[in-house]
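A.B. asks: Given these sequences and hints, build the entire structure.
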Amino acid sequence: MLMIKAVARAMDYIPSSSDKSARNLARRLGWFSVALGALQLAAPHRFARALDFRGGEPVIAAFGVREIATGVGLLAARDPAPFVWGRVAGDALDLVALANGFFDSRRRGVVLLALGSVAAVTAVDLICAQTLSADNKRRDDTPPDYADRTGLPKAVDQMRGVAAMNGQMPRGMRAVPWNAHAGEART
Amino acid sequence: MKALCWEGVSDIRYQTVPDPKIEHGRDAIVKVSSTAICGSDLHLFNGFIPGMEAGDVIGHEFMGEVMEVGKDNKKLKVGDRVVVPFTICCGECEQCLSSNFSVCERSNRNKGLAEKVFGHSPAGLFGYTHLTGGYPGGQAEYVRVPYADVAPIKVPSSLTDDQVLFLSDIFPTGWQAAVQCDIQPTDTVAVWGAGPVGQFCIRSAVLLGAKKIVAIDRLDDRLSMAKAGGADEIINFEKEDVFERLKDLTDGNGPEKCIDAVGLEAHATASFDSVIDRAKQALMLESDRPHVLRQMIMACRPAGVLSVPGVYGGFIDHMPMGAFMNKALTMRTGQTHVSRWSDDLLRRIEEGQIDPSFVITHKVSLEEGPEMYKTFREKSHGCVKVVMQPGGVN
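Protein sequences appear in the order of chains W and E.
Positions 1 to 187 (our numbering) are the ones given, in order, by the first sequence.
Positions 1 to 394 (our numbering) are the ones given, in order, by the second sequence.
In case anyone wonders, no lab produced these hints; they're calculated from the structure.
Take these hints with a grain of salt, some might be off.
[Unchecked claim] No more than 30 Å apart at the CA atoms, straight line, and that leaves these computed lysine-lysine pairs for DSSO-like:
{"#": "1", "chain 1": "E", "residue 1": "K280", "chain 2": "E", "residue 2": "K31"}
{"#": "2", "chain 1": "E", "residue 1": "K363", "chain 2": "W", "residue 2": "K154"}
{"#": "3", "chain 1": "E", "residue 1": "K280", "chain 2": "W", "residue 2": "K137"}
{"#": "4", "chain 1": "E", "residue 1": "K31", "chain 2": "E", "residue 2": "K2"}
{"#": "5", "chain 1": "E", "residue 1": "K21", "chain 2": "W", "residue 2": "K154"}
{"#": "6", "chain 1": "E", "residue 1": "K77", "chain 2": "E", "residue 2": "K2"}
{"#": "7", "chain 1": "E", "residue 1": "K2", "chain 2": "E", "residue 2": "K280"}
{"#": "8", "chain 1": "W", "residue 1": "K137", "chain 2": "E", "residue 2": "K363"}
{"#": "9", "chain 1": "E", "residue 1": "K239", "chain 2": "E", "residue 2": "K2"}
{"#": "10", "chain 1": "E", "residue 1": "K154", "chain 2": "W", "residue 2": "K154"}
{"#": "11", "chain 1": "E", "residue 1": "K379", "chain 2": "W", "residue 2": "K154"}
{"#": "12", "chain 1": "E", "residue 1": "K212", "chain 2": "W", "residue 2": "K154"}
{"#": "13", "chain 1": "E", "residue 1": "K71", "chain 2": "E", "residue 2": "K111"}
{"#": "14", "chain 1": "E", "residue 1": "K2", "chain 2": "E", "residue 2": "K116"}
{"#": "15", "chain 1": "E", "residue 1": "K2", "chain 2": "E", "residue 2": "K111"}
{"#": "16", "chain 1": "E", "residue 1": "K212", "chain 2": "E", "residue 2": "K154"}
{"#": "17", "chain 1": "E", "residue 1": "K374", "chain 2": "W", "residue 2": "K137"}
{"#": "18", "chain 1": "E", "residue 1": "K379", "chain 2": "W", "residue 2": "K137"}
{"#": "19", "chain 1": "E", "residue 1": "K211", "chain 2": "E", "residue 2": "K280"}
{"#": "20", "chain 1": "E", "residue 1": "K374", "chain 2": "E", "residue 2": "K280"}
{"#": "21", "chain 1": "E", "residue 1": "K31", "chain 2": "E", "residue 2": "K75"}
{"#": "22", "chain 1": "E", "residue 1": "K239", "chain 2": "W", "residue 2": "K137"}
C.D. replies: See below:
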């Protein structure tokens, strides 16, 4: 039961976080960048061995520095959008590097897995970057107040129920009310 | 003539296309006076609906003056002012005779294509995918209206274009979404999405007598419009937990009726499942983002009704079917059977029960359409509903 609940929460069917903005996603991507970059910088040889990219350690370490820089920028910046676009550019570099090493590698399955993972992360980065840019554009506007756009001629409470169906529902659109006819379904 | 054409993803152009002609005795040619951009047009703009071809004339919310009538059309005459429903229907097949106009069995001229994707074919639609007939749409100076002796609604000169234009789609769509909830005076109705259809769902739920209405969105301008039209409570899903808040508002029960006025493009970054859906869309592993459907199933009171006017186009993953089945929920969906509601809703506008023009925030010439697609997509400048007029704004 706990596992089902955990999965449901993870999938956000029952959301637990109250901050759902793209800025929050950007912050999470920032932490991801820092963590990945630190791993790449600390143990480039492990990545090189796993992918069979012999002699690729310096490039992997350099990519780690790039990841950390982007991540720190993302976490520190007032406007994260440019840094998320920076991540998108970095993803493109990763994809080129992986594709470049694919044919020389004896562990092509691992390289393919890495390519798929980077492609998925690229998609998330791209979504986040696009949303942040759109949000920024909208933030430049003064949001209008549509409090006078009622569309109704009188106060809402006076209009409530003026078109009530009173049981005269079209065919196939009826539901069973909870309390109106307890124990008796409408026909 | 000039028209807005779909030329590819994020590429709508104002360009010259051939004038429409009468092709069948029941046709009519309508000179468009007003036309609007629908939220479902954005699905085309964003490339999420399959079956589009470069050069397709788009738009399915339009009205105007009848310029020419086919020889067999006994309903219309030249000079009539009409609103044209977006669903094309023959009026003679078994579905039309049962008032299920949006699944007319004859009006989709690409029936075979639709059957491959949907199993059976729905009705033809104006200005939409070739899966639904690929009929040239209403964001144009002129439109050929097939079966024009069935659906077009004659409107009196006492009502303005702004008051009646939305009889073509979003008003009956919001109305049908609320009606098929079978709203009781004890019901709480939760409406996901405070865009144009959501706004009409809210006002329809008021007129149909819901006890409490909850609007869910993230944009303050849209939520303010929702509150003005009868939403008793609003939830900004970027700031609040929708599920918990709905429980709080309903003594822990959940809303009896839930309406999805969002459809296949749920906000892409607001929840983990939407981010995953969006990534899968980009990788062509899933066609739609069904976050709202998932959340409605979880939030709805057991034995409640889910009403889905929001457009879905293809295939979705990770639906909580266990919750849907075990909670004994009912889901009602469908493109709108516009003609089922036309007379009733026109009467309500004439009697002053509702003035649909409240939703218009932008009015421009047809030529400005391509730019307005971007504004509408970004929801910038307080954009909720765009109306366009060929030849310039009156």
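A.B. asks: Could you run down the list of hints and mark each one as holding or not?
C.D. replies: Tested hints:
{"no.": "1", "hint": "E:K280 / E:K31", "verdict": "42 Å, violated"}
{"no.": "2", "hint": "E:K363 / W:K154", "verdict": "26 Å, holds"}
{"no.": "3", "hint": "E:K280 / W:K137", "verdict": "26 Å, holds"}
{"no.": "4", "hint": "E:K31 / E:K2", "verdict": "12 Å, holds"}
{"no.": "5", "hint": "E:K21 / W:K154", "verdict": "45 Å, violated"}
{"no.": "6", "hint": "E:K77 / E:K2", "verdict": "24 Å, holds"}
{"no.": "7", "hint": "E:K2 / E:K280", "verdict": "37 Å, violated"}
{"no.": "8", "hint": "W:K137 / E:K363", "verdict": "21 Å, holds"}
{"no.": "9", "hint": "E:K239 / E:K2", "verdict": "44 Å, violated"}
{"no.": "10", "hint": "E:K154 / W:K154", "verdict": "27 Å, holds"}
{"no.": "11", "hint": "E:K379 / W:K154", "verdict": "29 Å, holds"}
{"no.": "12", "hint": "E:K212 / W:K154", "verdict": "18 Å, holds"}
{"no.": "13", "hint": "E:K71 / E:K111", "verdict": "26 Å, holds"}
{"no.": "14", "hint": "E:K2 / E:K116", "verdict": "33 Å, violated"}
{"no.": "15", "hint": "E:K2 / E:K111", "verdict": "29 Å, holds"}
{"no.": "16", "hint": "E:K212 / E:K154", "verdict": "35 Å, violated"}
{"no.": "17", "hint": "E:K374 / W:K137", "verdict": "12 Å, holds"}
{"no.": "18", "hint": "E:K379 / W:K137", "verdict": "9 Å, holds"}
{"no.": "19", "hint": "E:K211 / E:K280", "verdict": "39 Å, violated"}
{"no.": "20", "hint": "E:K374 / E:K280", "verdict": "24 Å, holds"}
{"no.": "21", "hint": "E:K31 / E:K75", "verdict": "17 Å, holds"}
{"no.": "22", "hint": "E:K239 / W:K137", "verdict": "20 Å, holds"}
Against the hints set out earlier in the document, violations occur for numbers 1, 5, 7, 9, 14, 16 and 19.
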